[in-house]
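Undergrad: As a plain string of letters, each chain reads:
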Amino acid sequence: MRAIQQEMKTTANLLRVAALAFCGLLPVGFPAFAQGNGAGVAEISATEVSGAAEAAPDASALPARAASETTAEFSSLASEAASDQTQGNTPADNSQAPSLQDLGLSPAQTQGDPQLQARLDKRSHMLKIHQRLGLITMVPLIATVATSFGAGGRSTSTSDRWAHLALGSATGDLYFTTAYFAIFAPRIPGTPTRGQIRVHKALAWVHGPGMILTPILGAIAFDQRSKGEKVHGIASAHGAVAVVTAGAFGAALISVSFKF
Amino acid sequence: MNAKVLIIFLLFAAPTFAQTDEQWILGQSTLTYHVSHPLHTSEAVSHAAKGKGVCHQGQCDFLIAVPVKSFDSGDSNRDLHMLQVVRGAQFPLVTVRTRLPEDAASSATIHADLEIEFAGQTANYRQVPLELKKDGEDFHVAGTIPATLSDFKIDPPSLLAIPVKNEIPVRVEMTWHEDKSKP
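If you read the protein sequences in the order shown, they are chains A and B.
Okay, so the first sequence: first residue is 356 according to the numbering used here, each after it adds one.
Okay, so the second sequence: first residue is 145 according to the numbering used here, each after it adds one.
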């Protein structure tokens with residue numbers, strides 16, 4: 356009798372050992388099926404996992420603690436497989452995928468700055484207007500230079516001088532309006548000026564004073580010619596200053612249009 | 145008896161703990177975007193990319209991030225305008241995510257599906273060819289991403305009233321090495 360009881364005990368223990376070993380093997384097998392390459396594979400794995408989860412509470416032969424742990428394991432795998440199904444298993448959905456925090460980026464590098472964006476937007480808007488007005492200014496500038504041959508020289512007419520004066524005035528008005536949008540466009544702190552834009556900015560120191568001096572000298576010259584005098588004195592520099600100014604203006608335009 | 149049970153359990157459970165994850169870190173990188181305009185072309189380069197890859201059960205997930213303002217074309221005015229056009233102050237990073245099989249490292253060329261977040265938009269590029277070259281313990285990866293301005297809803301900048309081309313291919317050259325410092 357005792358021998359039979361001993362044998363039954365041994366058999367029961369062996370069954371317990373086999374069941375525990377089976378539970379140890381299960382975590383190895385199921386993750387390999389849960390991460391499928393296609394929807395079909397993922398669907399099959401979800402069905403298997405959910406079926407096993409339903410069956411787990413019926414395994415009354417298992418110790419209670421092992422059964423609850425097994426149920427928990429199945430539940431987590433089922434939810435992971437379902438998540439993969441619905442969201443397409445993209446790298447962003449995988450909990451193993453690295454995140455931005457893992458890359459060691461500082462908050463300043465990852466967070467947006469709406470105020471800076473607004474500043475950039477205003478800067479770009481004003482510089483676009485500057486660009487358009489600068490191109491428009493070229494038209495009366497070229498016309499002014501073209502009418503200078505009739506306004507100056509030995510034999511000129513009053514109408515030619517007035518036309519030259521009008522075009523010159525229009526050029527000056529457009530020029531300073533163009534300059535306004537460049538001068539008052541917001542600066543971005545911490546950005547040194549590099550590249551061909553430096554040439555464009557440097558040329559402003561030539562055509563800027565030139566656009567102030569040219570009409571002043573032109574007014575003196577106009578007055579002298581109106582009195583029937585020959586242009587003389589400082590007014591005689593009007594032409595040279597105007598040519599240098601126009602040349603610097605054209606070079607400034609080219610410096611931001613073509614790459615050297 | 146309890147010791148026997150424990151030993152048998154550990155013997156069967158040991159394989160589950162034997163699967164260690166590999167991690168990869170991005171070392172040197174050169175990212176170059178190319179913009180074309182009828183009057184001239186322009187390129188800007190960044191060496192500031194950071195990246196990490198985690199391999200788990202035969203699949204590797206990679207994440208690469210580049211600060212938008214790190215791209216340098218040599219002209220500060222152009223770079224600032226670029227920053228404004230791509231909303232770089234609001235969305236300061238370009239991120240690239242991809243998943244590759246772990247055995248892809250044995251191929252000279254791989255085709256990766258890339259998910260790119262840029263200028264507040266997400267675009268997917270399928271089967272982008274990338275060349276792999278093993279150099280000691282490092283992997284050199286090179287390829288070109290066929291990005292366009294319209295993919296990210298970016299208004300094309302213009303010069304003299306002529307807009308730039310929609311295509312802005314990005315040349316990528318990276319060096320990856322395994323992160324042996326992880327526990």
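Honestly, the hints are just simulated from the structure, not real lab data.
Cβ atoms here follow ideal geometry from the backbone N, Cα and C, with glycine treated the same way.
It cannot be assumed that every hint is accurate.
[What the hints assert, rightly or not] Straight-line Cα separation of at most 30 Å, DSBU-like style, residue types lysine-lysine; simulated pairs:
| # | chain 1 | residue 1 | chain 2 | residue 2 |
| --- | --- | --- | --- | --- |
| 1 | A | 614 | B | 324 |
| 2 | B | 309 | A | 483 |
| 3 | B | 297 | A | 483 |
| 4 | B | 278 | A | 614 |
| 5 | B | 324 | B | 194 |
| 6 | B | 297 | A | 477 |
[Unchecked claim] Away from chain A, derived, C-beta distances all over 10 Å, residues of chain B:
| # | residue |
| --- | --- |
| 7 | 217 |
| 8 | 222 |
| 9 | 276 |
Undergrad: Next, verify each hint and record whether it holds.
TA: Here's how the hints hold up against the structure:
For the proposed pair residue 614/A and residue 324/B, the alpha carbon gap of about 46 Å is over 30 Å, so the pair is violated. The straight-line distance between the Cα atoms of residue 309/B and residue 483/A is roughly 19 Å, inside the 30 Å bound, and the hint therefore holds. For a cut-off of 30 Å, the pair hint linking residue 297/B to residue 483/A stands: about 20 Å separates their Cα positions. For the suggested pair residue 278/B and residue 614/A, the alpha carbons sit about 38 Å apart, so the restraint of at most 30 Å is broken.
Under the criterion of a C-alpha separation no larger than 30 Å, the hint pairing residue 324/B with residue 194/B is consistent with the structure, at around 17 Å. For the proposed pair residue 297/B and residue 477/A, the alpha carbon gap of about 20 Å is at most 30 Å, so the pair holds. A beta-carbon of chain A is positioned within 10 Å of the beta-carbon of residue 217/B; the least distance is around 7 Å. A beta-carbon of chain A is positioned within 10 Å of the beta-carbon of residue 222/B; the least distance is around 7 Å.
Its beta-carbon lying about 18 Å from the closest one in chain A, residue 276/B satisfies the requirement of being farther than 10 Å from that chain.
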